Amino acid sequence: MWSSTRRGIIKYDLCQGLRANMWKFLAGTVPFFGVVMIVQERSVLFSTEPSFFEYFIYLFKGIKNYTPVPGQQFEVPILWMIVQVSMALIIYDYPVVNLEKYGIQTIIRAKSRALWWFSKCIWAAASVVLYYAVGILIILGACMLTGKISFIADQEWNMVMNELDVSLITHEQLWLICICIPLMSSIALSLLQLTGSFVLSPVYSFLLLLSYIVISVYYNHSCFMGANSMILRSEFAMPGGNTLSGIVITNIIVMCAAVFGGYIYFRRHDIY
Amino acid sequence: MIILKNLNKELNGNAVLTDINLKLSKGKVYGLQGKNGSGKTMLMRAVCGLIKPNSGYVEIDGKRLGKESAFPESVGCLIENPAFVPYYSGLKNLQILADIKGRIDRKDICLMMERVGLDPGEKKPFRKYSLGMKQRLGIACAFMEEPDIILLDEPFNALDTEGVEMLKNLLGEAKEKEAAIIVACHDKEELELIADEIFVMENGKIMEQKIRKEGTCYEGIS
Numbered sequence: 001m002w003s004s005t006r007r008g009i010i011k012y013d014l015c016q017g018l019r020a021n022m023w024k025f026l027a028g029t030v031p032f033f034g035v036v037m038i039v040q041e042r043s044v045l046f047s048t049e050p051s052f053f054e055y056f057i058y059l060f061k062g063i064k065n066y067t068p069v070p071g072q073q074f075e076v077p078i079l080w081m082i083v084q085v086s087m088a089l090i091i092y093d094y095p096v097v098n099l100e101k102y103g104i105q106t107i108i109r110a111k112s113r114a115l116w117w118f119s120k121c122i123w124a125a126a127s128v129v130l131y132y133a134v135g136i137l138i139i140l141g142a143c144m145l146t147g148k149i150s151f152i153a154d155q156e157w158n159m160v161m162n163e164l165d166v167s168l169i170t171h172e173q174l175w176l177i178c179i180c181i182p183l184m185s186s187i188a189l190s191l192l193q194l195t196g197s198f199v200l201s202p203v204y205s206f207l208l209l210l211s212y213i214v215i216s217v218y219y220n221h222s223c224f225m226g227a228n229s230m231i232l233r234s235e236f237a238m239p240g241g242n243t244l245s246g247i248v249i250t251n252i253i254v255m256c257a258a259v260f261g262g263y264i265y266f267r268r269h270d271i272y
Numbered sequence: 001m002i003i004l005k006n007l008n009k010e011l012n013g014n015a016v017l018t019d020i021n022l023k024l025s026k027g028k029v030y031g032l033q034g035k036n037g038s039g040k041t042m043l044m045r046a047v048c049g050l051i052k053p054n055s056g057y058v059e060i061d062g063k064r065l066g067k068e069s070a071f072p073e074s075v076g077c078l079i080e081n082p083a084f085v086p087y088y089s090g091l092k093n094l095q096i097l098a099d100i101k102g103r104i105d106r107k108d109i110c111l112m113m114e115r116v117g118l119d120p121g122e123k124k125p126f127r128k129y130s131l132g133m134k135q136r137l138g139i140a141c142a143f144m145e146e147p148d149i150i151l152l153d154e155p156f157n158a159l160d161t162e163g164v165e166m167l168k169n170l171l172g173e174a175k176e177k178e179a180a181i182i183v184a185c186h187d188k189e190e191l192e193l194i195a196d197e198i199f200v201m202e203n204g205k206i207m208e209q210k211i212r213k214e215g216t217c218y219e220g221i222s
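Heads up: the sequence lines are chains C and V, in that order. Residues in the first sequence are numbered consecutively from 1, following the working numbering. Residues in the second sequence are numbered consecutively from 1, following the working numbering.
Accuracy of the hints is not assured; some may be wrong.
[Unchecked claim] Covered by chain C, per the in silico footprint, the following chain V stretches (three or more residues, Cβ under 8 angstroms):
1. 68-76
2. 80-86
3. 97-109
[To be verified] Example chain V residues on the side facing chain C (calculated, C-beta under 8 angstroms, incomplete):
4. Leu11
5. Arg45
6. Cys48
7. Leu50
8. Ile51
9. Lys52
10. Cys141
Everything labelled a hint here was simulated from the structure, so no lab data went into it. All of these numbers come straight from a predicted model, not from anything done at the bench. C-beta atoms are modelled at their ideal positions from N, C-alpha and C, and glycine is treated no differently.
All chains, please: the whole structure from these sequences, using the hints.
Laid out in structure tokens, this is it:
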């Protein structure tokens with residue numbers, strides 16, 4: 001049974017943390033509207049309307065391994081990067097600012113550093129889930145406005161627009177690579193940023209995360225979490241690509257390391 | 001009983017508390033007097049469990065902070081400036097904090113707000129409060145759950161005469177209910193009106209201890 005204190009502090013963080021970041025959430029919807037506009041604009045090339053998955057594959061496809069070719073322009077996955085940066089901005093400094101200001105009142109009432117810390121981790125994960133939920137709603141809204149909501153990925157669409165052969169991917173795997181894996185990777189990155197904001201500072205943690213995201217674009221390795229959420233770098237898009245199990249395990253390790261590493265640090269952290 | 005034994009704390013290489021030894025009983029008001037940067041606020045943070053000593057310890061009712069408990073069982077505080085969620089009303093701010101412990105209800109909060117001279121029905125967000133109203137809300141927050149330990153850092157700031165009187169009454173009632181109260185203030189006269197014992201601090205050290213004899217007459221013992 002959850003005590004009223006646990007419920008109270010988690011409720012406090014969820015309400016207060018989400019409210020404090022309301023404008024960032026709104027600004028963060030830009031890539032979702034962006035993908036709707038791009039996909040709609042290109043849908044005239046195809047005989048069928050884009051399904052729910054065409055939007056998400058376009059958003060999270062990222063790029064295949066970076067191999068510089070002389071004379072060929074490198075395509076930066078702008079939308080994918082904006083999604084990552086938007087989440088980094090949402091996580092940015094709420095927990096640190098909260099602790100420096102009114103957080104003192106909550107922590108002495110919670111009587112537990114662990115509870116306070118885990119409540120912030122829950123807030124970070126919930127913020128990411130909410131962000132994705134908003135994105136899903138925007139895309140569902142776009143599907144509705146253009147005729148119908150379909151969850152069947154179109155092969156021609158994805159071969160031409162996303163360089164992905166969806167005939168090799170099951171329906172369940174599509175849900176995994178389009179929603180679950182990007183969501184999981186984003187939660188792992190957000191928890192890492194949250195811990196970094198206490199150990200370093202919100203600014204340094206944010207800048208480090210930005211560097212990490214940029215490196216992920218140019219360098220494909222399971223250590224670079226950003227690459228894990230790029231569909232074109234998965235085993236479904238390229239031979240020897242990141243496996244689903246590998247991505248899930250890496251994400252879980254990073255989440256646990258961020259949450260428990262952060263807790264160990266926060267246990268000794270002076271609040272002043 | 002609050003015991004601070006050989007307490008030392010350094011922050012960024014600077015000693016902020018040096019060899020603090022105190023025994024504080026319930027049902028008394030203790031004053032911390034000193035200039036800005038003398039260590040009054042840090043001492044309060046140590047009693048709250050917010051900073052961890054480099055050596056020595058804080059013990060509250062037989063439990064060492066940081067070992068047997070992370071924070072005091074029941075503490076109310078107003079440390080530095082009263083900080084609340086800027087876009088919530090005073091009542092909502094106190095309500096969300098009270099919900100964490102679930103010990104008092106909305107009616108109790110409203111009564112406490114009225115006690116400190118604030119209107120619980122006031123819809124104005126905290127950021128639009130005057131300095132005096134902010135201070136009153138901070139005081140209400142420290143007292144509302146009738147804690148065993150009350151820590152007030154410069155509580156007279158921005159209070160008018162009526163506010164000072166209200167605070168004195170609250171302190172008197174809390175004292176009767178056996179709370180241990182620590183008040184930090186740079187103003188000697190204000191502190192002498194309310195404190196049973198005064199500790200004069202300088203550079204993180206307790207330089208002098210004064211005990212009230214009769215009325216506002218104090219006897220220095222160190």
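query = Three or more residues of the region 68-76 of chain V near chain C by CB distance under 8 angstroms?
reply = holds (count 6)
Supplied contact hint for Leu50/V, tested at 8 angstroms Cβ to chain C = holds (4 angstroms)
inquiry  = Is the coverage entry for the region 97-109 of chain V by chain C consistent with the three-residue Cβ rule at 8 angstroms?
reply    = holds (count 5)
query = Quick one, is the Cys141/V hint okay against chain C at 8 angstroms, beta carbons?
reply = holds (6 angstroms)
key: Hint validity - Lys52/V Cβ closer than 8 angstroms to any chain C Cβ   = holds (6 angstroms)
task = Closer than 8 angstroms between Cβ atoms is the bar; does Ile51/V clear it against chain C? Give me holds or violated.
result = Check passed: Cβ of Ile51/V comes within 4 angstroms of chain C, closer than 8 angstroms.
ask   = Does the CB of Leu11/V sit less than 8 angstroms away from some CB of chain C?
value = holds (7 angstroms)
task = Classify the hint on Arg45/V as holds or violated, based on whether any CB of chain C lies nearer than 8 angstroms to its CB.
result = Hint holds; Arg45/V Cβ to chain C Cβ min 6 angstroms, cut 8 angstroms.
key: Given coverage of the region 80-86 of chain V by chain C, checked by CB-CB distance under 8 angstroms (3 or more)   = holds (count 3)
ask   = Can we keep the Cys48/V interface hint, with Cβ of chain C closer than 8 angstroms?
value = holds (6 angstroms)
Violated hints: none; the structure is consistent with every hint.
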